[in-house]
Amino acid sequence: MKTLTFPQNEEVKILSEKYGYAPWVVARFLQYVPDPLIFLSKMEHSPAKYIRINTLKTTPEVLSRRLSEKGFTLTSTFLPLVYSVSGGSPGIGATSEYMLGHYYIQDISSCVAVEALNLTPEIRVLEVGASPGGKTTLMAQKMQNTGCIVALEPNNKRIRALEFNLSRMGISNACVSKSDGLDVASFGSNFDRVLLDAPCSCEGVIAKDRDRKTSRDPEDIDFCSARQLKLIEAAAGVVKPGGSLVYSTCSFAPEENEAVVSHLLDKFSDMYVEPLPYGSNGLTEFAGIKFNDQVKLTRRFYPHRDDTSGFFVARIRKEHRS
Amino acid sequence: MKSANPSFRPLLREENTIVSRGFDRYGVFEQMKKYPLMIIKKESQGLGVAVGSKELVESVSSFEPVFAGLEIGTLTKQFTPTLQGADLFAREGGKGKHYVTVNCEAEKLVLYGRDVFGKSVLDASLQLEQNELVIIINRHRDAIGIGRTRYSGEHLKRSDSVTISTISDMGYYLRGQGN
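So the sequence lines, in the order shown, correspond to chains A and B. Residue numbers for the first sequence follow numbering that gives the first Met the number 0, so the first one is 0 and each next one is one higher. Residue numbers for the second sequence follow numbering that gives the first Met the number 0, so the first one is 0 and each next one is one higher.
Derived from the structure by calculation, the hints contain no laboratory data. Since no wrong hints were added, every one of them can be taken at face value.
Label pairs and their computed distance ranges (CB to CB):
#1 A:A93 with B:P35: 30 to 36 Å
#2 A:P240 with B:E42: 38 to 44 Å
#3 B:Q77 with A:K207: 44 to 50 Å
#4 A:K207 with B:P35: 37 to 43 Å
#5 A:L181 with B:G45: 32 to 38 Å
#6 B:G45 with A:N280: 51 to 57 Å
#7 B:D159 with A:T54: 39 to 45 Å
#8 A:K48 with B:E13: 47 to 53 Å
In silico contact screen, one side only, chain B against chain A (beta carbon under 10 Å); selected entries:
#9 F62
#10 T81
#11 L110
#12 H139
#13 D141
#14 D168
#15 M169
#16 Y171
In this text, all values refer to a predicted model and were calculated from it rather than measured experimentally. In this text, a Cβ means the ideal position worked out from N, Cα and C, and glycines have one as well.
Modelling step: build the complete structure from the supplied sequences, incorporating the hints.
Dropping the structure here:
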């Protein structure tokens, strides 16, 4: 699906000038983002900062007390073990508890992707594009360091960051393979869970990286979308019957989200989307293009509705063979 | 590129003996029995000892990984803990002469890679000798570093000088991430 662009009317021009976006970006947001004016205003503010407590090394009670002594305030969220954090000194990324791996600074939307996997101990999991390891380490924690996580990362520098975080967080059930997500077939097709957090245009993190307001073209979304289609097909191929695949991005673009999931569902009749309890419904159509009806069960996260970075997540089950 | 990957294998009997002695030295012999172990052999480096899950240890070689498990020590004629090993031993309640407790001030310095002054040592065994490897722990019993004693036991608290040289510290996770 080629990236759609829309006429840039007066409203688009006014808003893009006010908020500093390339006009084509605003024109698209006005088509599908709910309450777009509130959305654009919220995107001017950095999202809330979240930490995820590492239960392999500490408990929420102990860590809350220790961080409170340093002036931090932790507020619980809709996910267990994930807290918004404010105040404190030094910064939340410079405490001894951080260095000791007692928590990970991680947006709540990223944790939702791992929650969606519905992990249990002693299963086998494949993760595509694992670095820097926020989701990998959360998976290991939920699996209580049992089972096996195969984390793929093709880039040497990013492998180093991943190894750092795996060591820091005390993870012992994971291995890292220098591999691309398109080469997963070589790992066999017996994974209970596959997590594909696909490389994307990263529209969802504009609030943290304002350059993205103007630094991208529609062709960038085309490029990402084309790759995502290949990655999701490859990932689906290594899920065992009865297992599930979670697909996620930090983009708002339907071409990178619902269109990719819809493509998979149309191509593989033995896969279906399962509902998730968080976020907003996925789009079932975009500018007159209808997606597979199941994508309404996918989930979108918006900064102005969920106080998270922008995020998309879908849990897709492969049927048991009868 | 694949040939540069480390290889993984079970421990040989004599390696198991050395590692067990190491665990005993750090007071975690019983606690470590529950952890599956594997040897990591890296090109042009020595042998590492890693803990892994049962499933990982059984299948690791089939994935040809560049990294696997949690490396807790290196193996030569004896077992030497890594920072991750020190952290695990402290969390497993390891006790004995090879743990030295320091105060908050020293904790901040150790996490910057600085050495420990005697006046900051809260607890150190009188049985420690000079030049012994110790795990440096804070008041919460978290391992914050690995050090080497500059003096024997009773002198480790002398107030006028550095008494423990910090060899490695958990602050590495911040300092090293830019590389």
